[in-house]
Amino acid sequence: MTKKETTQSKPKKEKKVHIRMGSLERREALAGLTFMIPWFIGAAVFLAYPLITSFWYALNNIRITPMGKTFRFLGYGNFTQILLSDQQFLPDLVDYIISTLISVPVIVVFALLIAMMLNQKIKLKGFFRLIFFLPVIIVSGPILGMLNGQNAGSISALDTQAITQAISSVLPAIVAKPIGDVFSNMVTILWYSGVQILIFLSALQKINSSMYEAARIDGASDWECFWKITLPTIKPMIVLNLVYTTVFISNNDQNAIIVLIKAAMFSGTSEKGYGYAAAMAWLYSLVVLLLVGLFAGVMLIRKDPYEQEVKKAKRDMKKEKRQLKRMRRRQARNAKKYAKLETKTVA
Amino acid sequence: MQRNMQSSKPRLSPEERQIRVDKFKKFMMGSKEKDGFLKMFLIYSLLICIGFIYVYPILYMISSSFMSLDDLLDSSIKWLPSSFRLSNYLQAAKSMDYGRSLWQSVVIAGVTTLCNLISCSVIGYGLASFNFPGKKVAFGLIILTFVLPSQITMIPTYVLYSNMKILGTLWAFILPALTGMGINAPIFILIFWQFFRQVPRVLVEAAHIDGAGYFKSFFRISLPSAVPAFITVALFSFVWYWNESYLTELYVHGVMTESGWTTLIIQLSNFQANYSTYAQSTGAGATSLNESISMAGTLLSVLPLMIMYFVLQRYFVESVDRSGITGE
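Quick note, the sequences are listed as chains A and B, same order. With the working numbering, the residue at position 167 of the first sequence is 167, and numbering never jumps. With the working numbering, the residue at position 180 of the second sequence is 180, and numbering never jumps.
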């Protein structure tokens, strides 16, 4: 928005003093950089430096002695040890991946449903919003742990035991366990959707109602309106919510892996310690980034039909050009060949 | 369409009856102006059911926190305890050292929130109203810091803090918060960025013509108009720092060395150990740990935030709308 306005205001001033404009821009850039100073310091001290150092740590075995830290370079030794001989890390990681893959879409779809219902003309809207937002205040690792520990996190009316048994009889144990966990802690998983509901709700309220009216006039049903108007309009918010939910679940204390990393960090055994924990953290972070990328990618991969057509047309044009070029080149080559042959025959 | 269907059926019934059927159908299925009864009924019942499921753990927590051991074991008592016992709360509060941890929770969350407000508003303003080289890179890095798990930078930061001798003090939380690297700070920066973009540029330019510098126009014009963003960020920052246990335990509470700093949430996560030391110290006076006491402890640790939520509910619920995360 700011860009547009600066370009609009440019031509007026440009006529008179051109050099001043450049200095103003430079001054603005300087002011912007001044405002950003805190962030630059933070990015250097709390992002760049730790990232590089933790990568260095991950390649080393670090032991803490009274004299200080002693480093022993291992290369990728930490990683192979974690992946091949750690009893807990890999199963926990698989658990985490599967439960995230299940619970994130569940949370986002659920949030969208609730937001759609709250967006109708209903009474007590404020009251319902109050209830659905309440968990945001409460959700934290230890409290969820307490509630899940007392089995307050499961829907008692739903016979979750039967569902988990049915699942575990069909699927292998490594997949069935996280799915069962998702079902038995359904309420606390739904509790993660407070912020998402509000984001969806405010996005839904901002959709222009004349779009729906136009669609109605053209004979579209509610169902069609939802798929053709609502969903495409709030697509950016869906991506936002998917990413937010994934990050939130990954940073939650209920996540077994981050507890494992902390335990490895302070473990007294000779092969574990800072280096081992750093290697774990790197593996875990890669997985989280992949998951976020996956969710964002799935949503963003399908482009506008218009853009698709444009892209296709451009590709076709390029192809045609290439073919034309090739044809011309061939013609030229052939012409040369024939010219040579002719000269030979003449000779 | 309904009319067509009605009229196409060759019925012998009088017109009045037809009108009544029409009316009934309109009532159930709805018309263009008004939603029908069936739809409304479905929506309300779904909302109430899901709302109940949402509140269920809290209700469970409240009801079982009052129960005595006999009530817990008695299968005929499900929701209402035979007598309202407050001793559970007393024991839980004593074992959590409630007064001290409450005060320290408030200090930790409050101070870091203040730092977050200062740093994120300045950074957000810098991003929103100036063009400078490397702006896109900065944006990308801010989003990356949000997605990247804190575990990856945790170990070197821990070492850094211990070298600076600020491990186990509040400074370990203040420093990242002051430089826009606190917990969930990228979200707050983006909220401020979105908000400052909406401040009319004309106002700022007018101030510049009147002789105000960049900082003066920031303090005098942009900041006063961003009150809703400040409220939103303050609320969320407070709640998220309050509920943070992983990093608080690492940096401020101290894993290997007890620093004296603690929060309600950390006390709750160590509830079992805390309670057993408390029970030993008091001797015969305390009962052994049971479900009611731990539920009472859980309720006690969320109670301050719940009170805050119900007092400030309007700001919480409208926060997302006001902050403009979802665009114009």
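Check each hint, because a few of them may be wrong.
Claimed, not checked - Straight-line alpha carbon distances no greater than 20 Å define the calculated SDA-like cross-link-like pairs of lysine to any residue that follow:
#1 A/K125 - B/Y315
#2 A/K125 - B/L312
#3 B/K165 - A/F266
#4 A/K123 - B/G51
#5 A/K123 - B/F27
#6 B/K39 - A/R315
#7 B/K135 - A/A48
Simulated from the structure, these hints should not be mistaken for lab results.
Going through the hints against the structure:
At most 20 Å may separate the alpha-carbon atoms for a hinted pair to count; A/K125 and B/Y315 meet this at roughly 15 Å. A hinted pair counts as satisfied when its Cα atoms are at most 20 Å apart, and A/K125 with B/L312 qualifies at roughly 17 Å. As the CA atoms of B/K165 and A/F266 are separated by approximately 18 Å, the hinted pair is consistent with the 20 Å bound. Taken as a hint, the A/K123 and B/G51 pair is honoured in the structure, with Cα atoms around 15 Å apart against an allowance of 20 Å.
Taking the CA atoms of A/K123 and B/F27, the gap is about 18 Å. The hint holds against a cut of 20 Å. For a cut-off of 20 Å, the pair hint linking B/K39 to A/R315 is broken: about 48 Å separates their Cα positions. Distance restraint check for B/K135 and A/A48: the Cα-Cα separation of roughly 17 Å lies within the 20 Å cut-off, and the hinted pair is therefore satisfied.
Hint check: a violation occurs at hint 6 only; the rest are consistent with the structure.
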